[in-house]
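Asker: Protein chains in written order, with this note's numbering: chain A, 30 to 160; chain B, 3 to 190.
No wet-lab data here; the hints were simulated from the structure.
This structure is a prediction, so every number in the text was calculated from the model and none was measured.
Quick reminder that beta carbons are idealized off the backbone N, C-alpha and C, glycines included.
Careful, some of the hints might be misleading.
Claimed, not checked - Derived list of chain B stretches under chain A, where covered just means 3 residues or more per stretch with a C-beta under 8 Å from a C-beta of chain A:
# : region
1 : 29 to 35
2 : 52 to 60
3 : 151 to 160
Okay, here's what each chain looks like letter by letter:
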Amino acid sequence: MRRKQYIVLASSLFVFLLAISAYKYIYREHRDIGSEKADFSMSAVELKTVLAQEAIAPKYIDKVIKTHGMITAIEQQSAIIDNKVQVNFNGDVSGKLSLKNPIAIKGRCVGYDDLLELVKIDQAILVSPNN
Amino acid sequence: MKKLKKLLFWAMPILAGLAISGIQAQDKYIDRNGTIIFEASEKLFEEVKAKHESATVIFNAENNQIAALALVKGFHFKNSLMEEHFNENYIESESYPKAIFKGELLNLDPEALNENSTEVTVKGVLELHGKQKEIETALKTQKVGDIISMTGEFKVTPADFDIEIPKIVRNKIAKEVHVKMDFKLVKK
């Protein structure tokens with residue numbers, strides 16, 4: 030009798046754990062780019078030069094990139110660096126950006142936009158230029 | 003004859019210069035943060051919906067040509083696993099990183115656009131996953147100051163772009179995909 034109870038208890042616990050891990054797998058969290066370490070770090074001008082080359086661009090796509098330069102345009106939640114890289118921020122950055130000021134960011138490289146000849150970065154955060 | 007040649011020699015660079023400045027004087031409207039939403043949800047199942055908020059749209063008011071580009075990796079799903087499957091198994095964004103539409107606004111006089119919203123037909127070709135499909139739909143268009151707003155929608159199917167939906171999820175993904183666009187183009 031006790032043995033049976035034990036089996037029932039153990040198997041229900043197993044099913045429960047399995048359900049939790051399945052749930053966690055299906056509904057896992059999105060990447061948190063801000064907490065990931067940068068895979069590449071280079072200036073906006075260098076970043077545009079590498080992304081514009083179709084053969085090597087895939088190496089950088091979906092990777093965490095740190096880049097810096099001068100703000101050449103500001104639009105809602107996005108900024109353009111040196112006319113080469115468009116950065117869309119995660120969260121509110123209004124008031125923290127001003128034209129012609131230096132900027133350093135970390136974000137996810139989405140790819141190269143050949144209509145505007147711009148590298149696009151999303152989920153970005155502002156970082157200090159020195160670390 | 004020699005004189006004519008000489009004249010041409012001097013006139014060519016000037017003509018070329020004029021032609022180039024003519025191109026630069028084009029009336030271009032650009033949106034770098036265009037919104038595109040697609041949805042293929044089935045009732046009773048988890049929503050299959052993604053949003054892109056940094057699509058590029060360029061409208062040339064001189065010849066009514068319009069082009070839109072969405073980097074496929076920029077589509078965001080609520081469910082991160084769905085986003086991963088979309089990128090890896092369906093749209094194969096590593097091999098086909100871009101969705102691009104090139105077309106024309108038909109019978110439009112850009113000068114006539116104003117604050118009243120009008121329906122404009124857009125016709126062109128959408129290319130994604132290495133396949134092309136002709137799209138024709140109506141865009142609600144209005145112009146306020148230097149900004150042209152365009153909104154609209156159209157339907158496509160995964161089969162249009164050779165995207166195969168595995169049997170196991172076939173009843174959870176709608177046969178038709180609704181695509182909605184919302185663009186605010188600013189004069190450059």
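Asker: Run every hint past the structure and note whether it holds.
Answerer: We went through each hint and held it up to the structure:
no.	hint	result
1	29 to 35	holds (count 3)
2	52 to 60	holds (count 4)
3	151 to 160	violated (count 0)
The structure is inconsistent with hint 3 alone, although it conforms to all the rest.
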